[in-house]
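Number of protein chains: 2
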Amino acid sequence: MSLIVQKYGGTSVANPERIQNVAKRIAQGYNEGHSMVVILSAMAGVTDNLIHLAKQLSKEPDRREMDVLLATGEQTTVALMAMALTEMGYPAQSLLGYQVEVKTNEAYGRARIMKIGKNRIKDLLNDKKIVIVAGFQGIDELGNITTLGRGGSDTSAVAIAAALNADVCEIYTDVEGVYTADPNICPKAKKLNKISFDEMLEMASLGAKVLQIRSVEFAKKYNVPIHVRSSFNQEIGTMVINEDKDMERVVVSGVTYNKNEARITLNKVPDQPGIASKILKAVGDEGIIVDVIIQNTRAGGLTDLTFTVPKTEFNRAMKIEEQVAKEIGAESVVGDEEIAKVSVVGVGMRSHSGVAAKMFSSLAKENINIILISTSEIRISCIIEEKFTELAVRALHKAFELDKE
Amino acid sequence: MSLIVQKYGGTSVANPERIQNVAKRIAQGYNEGHSMVVILSAMAGVTDNLIHLAKQLSKEPDRREMDVLLATGEQTTVALMAMALTEMGYPAQSLLGYQVEVKTNEAYGRARIMKIGKNRIKDLLNDKKIVIVAGFQGIDELGNITTLGRGGSDTSAVAIAAALNADVCEIYTDVEGVYTADPNICPKAKKLNKISFDEMLEMASLGAKVLQIRSVEFAKKYNVPIHVRSSFNQEIGTMVINEDKDMERVVVSGVTYNKNEARITLNKVPDQPGIASKILKAVGDEGIIVDVIIQNTRAGGLTDLTFTVPKTEFNRAMKIEEQVAKEIGAESVVGDEEIAKVSVVGVGMRSHSGVAAKMFSSLAKENINIILISTSEIRISCIIEEKFTELAVRALHKAFELDKE
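Protein chains in written order, with my numbering: chain A, 1024 to 1428; chain B, 1024 to 1428.
Treat the hints as calculated values from the structure; they're not laboratory data.
Hints may contain errors.
Same chains, same names: a pair is fine if it fits in one copy or spans any two.
[To be verified] List of simulated lysine-lysine pairs, PhoX-like, C-alpha gap at most 20 Å:
{"#": "1", "residue 1": "Lys1244", "residue 2": "Lys1217"}
{"#": "2", "residue 1": "Lys1342", "residue 2": "Lys1381"}
{"#": "3", "residue 1": "Lys1047", "residue 2": "Lys1082"}
{"#": "4", "residue 1": "Lys1213", "residue 2": "Lys1421"}
{"#": "5", "residue 1": "Lys1427", "residue 2": "Lys1217"}
{"#": "6", "residue 1": "Lys1047", "residue 2": "Lys1078"}
{"#": "7", "residue 1": "Lys1141", "residue 2": "Lys1151"}
{"#": "8", "residue 1": "Lys1421", "residue 2": "Lys1126"}
Please model the complete structure; the sequences and the hints are all you need to start from.
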């Protein structure tokens, strides 16, 4: 008899029929004798509709009121789910953010969870109730509604699982788990049985959309095992857990890619202290997040500085840097939107050498030129021309023996 | 500088454009220097859509969860209104039932307000904020969401006005006020400048749909002046206030009708103690509300008992009474759905005689047969054949000199 926290995303509860299917799955766990706490997202499309409604009244809607508005999405789903379960004869009750007491800071639209109330949920579980909790929402110190940002229901689920000391947090989604690569472009990609928190963090930050990155940080911090699986079948998915000996034996666990970045290079920058900082502060002050940064030294006290920004911010960043280039006396600013980042991730890298060399040679063998390189302890990323993305992913997937059964 | 509580119904906030229009009207009051507290209903149609959604999951949805679901309607409107006002440059903030602390009993779907928290609203008013409150919703002792039943936003508004000791509670609707009769069938009907709480209570219970009856009870109890007016123009509407000398001079303030009832008669009932009670208890136990009751004595220890029930309950009530008739030895049960109730209402009746006689003779002059009569201190109602309804209303409107300027 375990305490299971489940989370179902918007596509899993998109209409009354799917809500009934999810209700059956919840009932199954309850029938097996488990204590069930279920976190739900808004029905697919609802959040976008609410945003559209708000934009008709205000170009930049008041953030506090936006959260009041968006929170209705999850409120609707939990009420409907509790009704569906009650109709099936199961004792279910919904709880909203303020009823659980999901306490957050006051950052409307991107609030961070500070504390989770346990008593109300535990009382209901003691009464043998199935507890259905609205994800994505919390309250601040004054009882104002806050929301956690896109994908925040994942974080709600993991935080509640941590607070309740749950045996597992099952995240139900429309894919079957975490794969060695995107199956859409790499047909030989395989579902991973398990992956470490650190690897999952790298994968999430590299654009794998299975889990919200903050939920993984939470899971790592409180050591909550996450089971990522599909709500449309009964297959076992991927366990996201603490690193173990097995994982170290595998050099690379997965290959990811990200086409959402663009490159900006300032050529022939005077190589003086503080210049790099000036270049990067200019975009940072405008709220533009810089990812990879590389500086090459040229002859004659000159240097080239290259960095990447999100494609959506490319035009704005280019304008800023053209101004900066004039000020610091750089020769030119060039940009390129047609790039991609391919990465290999694996905790095994810590104890295995030669991973980078193998990555570079694999790409070279396919005549793929590497524009930029960045690394972390368990990740190597290469910026390449966008058109080679799929080829690169498949080549790396094969080179690191992920194609094998 | 007054404290004004305003309430806008669903048609007044049915779409973004109307929300903007209402925002302008609220801003007007604020610009005049008043403290503004605004109670809103759900956008027209939204509540029905939510009920439809729930019915797809459960024939008789769990009442607690139904209230969680329905409360999203008002939550949406208050967020949008606060955004609209903020966009126009006014400091507005929404509050939900749990944030105000609208404490109710636990009767989901038809909860009664027990207590209204004042502090949160007063703090915001002190900060010169416009306070936008979700109507229709409250919370019980445990913080569960409750709703007040159809039209409950009127009651929310009056209760909040009472708690804050507001100068006036303005109820904005799609009509211009309270009329001497339904203008749709009585072209000479006039808008009343004022009407007493007691008269309004009688009118509301007789089917005039301008105000929810419980809101008038509240207003009377706490002596909150209500101003019923249109949200689509700037006209002065009708003041619902404590009785004054002027009102007593008018014998009849209004003529109303109600086509929602049906008549049931048990013929030749043995005239024994407890028989009437047995007949009426049978339907009462099934939750059917009986309105007019008349008993006529026949010769030979027999009596006829007639009563009216809502038309929607007619078939069910007939079946019940056919069973009762057998048990008590009544000769027959006959029913009639084609009846209507016409009523004259006025506090002046208390001090004027001959009102009933005038009513009966006016109807007789038009050859309208009176089937049943019932009276209160300030009302006389006649049940007549439904087809004569409009004729009767116009005849009474003229007879009691309501046609005059």
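Here is how each hint holds up against the structure:
Proximity of lysine 1244 and lysine 1217 under a CA criterion of 20 Å is satisfied intra-copy only: 18 Å inside one chain copy versus 66 Å between copies. For a Cα distance limit of 20 Å, the shortest separation of lysine 1342 from lysine 1381 qualifies neither inside one copy, at 38 Å, nor across copies, at 86 Å. Proximity of lysine 1047 to lysine 1082 under the C-alpha cut-off of 20 Å is restricted to the inter-copy arrangement: shortest distance 18 Å between copies versus 42 Å within a copy. In this assembly of identical chains, lysine 1213 and lysine 1421 lie within 20 Å of each other by CA distance solely inside one copy; the values are 12 Å within and 86 Å between copies.
Taking the closest pair of Cα atoms, lysine 1427 and lysine 1217 come within 20 Å of each other only inside a single copy of the chain (17 Å); across copies the shortest separation is 86 Å, beyond that limit. Proximity of lysine 1047 and lysine 1078 under a CA criterion of 20 Å is satisfied inter-copy only: 18 Å between copies versus 37 Å inside one chain copy. When the C-alpha separation of lysine 1141 and lysine 1151 is checked against a cutoff of 20 Å, the pair qualifies only within one copy, where the shortest distance is 16 Å, while the shortest distance between copies is 37 Å. Taking the closest pair of Cα atoms, lysine 1421 and lysine 1126 never come within 20 Å of each other, the shortest separation being 46 Å inside a single copy and 64 Å across copies.
This entry does not satisfy hints 2 and 8, going by the numbered hints stated previously.
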